[in-house]
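Engineer: Sequence:
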Amino acid sequence: MKKLLLLTAVAGLFAFTSVNAQTKTPRLSIGAEFAFPMGDYGDVFNLGYGGSLQYQHPVAANLLITGSAGYTNFQTKEILGVKENAGYIPVKAGARYYFGEYFFGSAEIGAAFGTKDGAGTKFAYSPGVGVDFPVSDSGSIELGARYEGWTKGDHLVAPSFIGLRLAYNFGI
Numbered sequence: 003m004k005k006l007l008l009l010t011a012v013a014g015l016f017a018f019t020s021v022n023a024q025t026k027t028p029r030l031s032i033g034a035e036f037a038f039p040m041g042d043y044g045d046v047f048n049l050g051y052g053g054s055l056q057y058q059h060p061v062a063a064n065l066l067i068t069g070s071a072g073y074t075n076f077q078t079k080e081i082l083g084v085k086e087n088a089g090y091i092p093v094k095a096g097a098r099y100y101f102g103e104y105f106f107g108s109a110e111i112g113a114a115f116g117t118k119d120g121a122g123t124k125f126a127y128s129p130g131v132g133v134d135f136p137v138s139d140s141g142s143i144e145l146g147a148r149y150e151g152w153t154k155g156d157h158l159v160a161p162s163f164i165g166l167r168l169a170y171n172f173g174i
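The sequence shown lines up with residues 3 to 174 when you count with our numbering.
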């Protein structure tokens, strides 16, 4: 999966060379999030889902700084007939660089705050790639994929997952 993400980013770099007109004004983005747990975390938790809000502010021709917040819920796999939820509020800041008209790479760092008593706070990092298709003068549809990792915190394993985001971006 990591090779596919890297290949997509490299293809975007070489296939498209024009400047993205969408990056000239600040934008707000609202999206649906899906998280596919990996490794030891995937042995305990099922698919995660949630939503997010992201602010994007241009600082150069193809470069935007980002700030995002959202909610992600994971449900444990059934163990001895019991299922539990684990909810988190990730808050991150980072950057997004457009390799061409539609393709971008991104990186964010921040914290994931647990919603249950004693869940604690985890350091979060997430590199990713995506594609952003204009649908109007100030709006676009975004599809992004990222690897996201969190520190271990109160879990026996460090949470990590492949995240997918389907969002609508609009100028503000």
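Since the hints were made in silico from the structure, they are not lab data.
Check the hints yourself; a few may be wrong.
Claimed, not checked - For lysine to aspartate or glutamate, the following DMTMM-like pairs were computed, each having C-alpha atoms within a straight-line distance of at most 20 Å:
hint : residue 1 : residue 2
1    : Lys154    : Asp45
2    : Lys79     : Asp139
3    : Lys26     : Glu80
4    : Lys118    : Glu86
5    : Lys26     : Glu86
6    : Lys85     : Asp139
7    : Lys118    : Glu80
8    : Lys154    : Glu86
9    : Lys85     : Asp42
10   : Lys154    : Asp42
11   : Lys79     : Glu103
12   : Lys26     : Asp119
13   : Lys154    : Asp119
Remember, it's a predicted structure, so these values are computed and weren't measured experimentally.
Engineer: Flag every earlier hint the structure violates by its number, smallest first.
Structural biologist: Failing hints, ascending: 2, 3, 5, 6, 11, 12.
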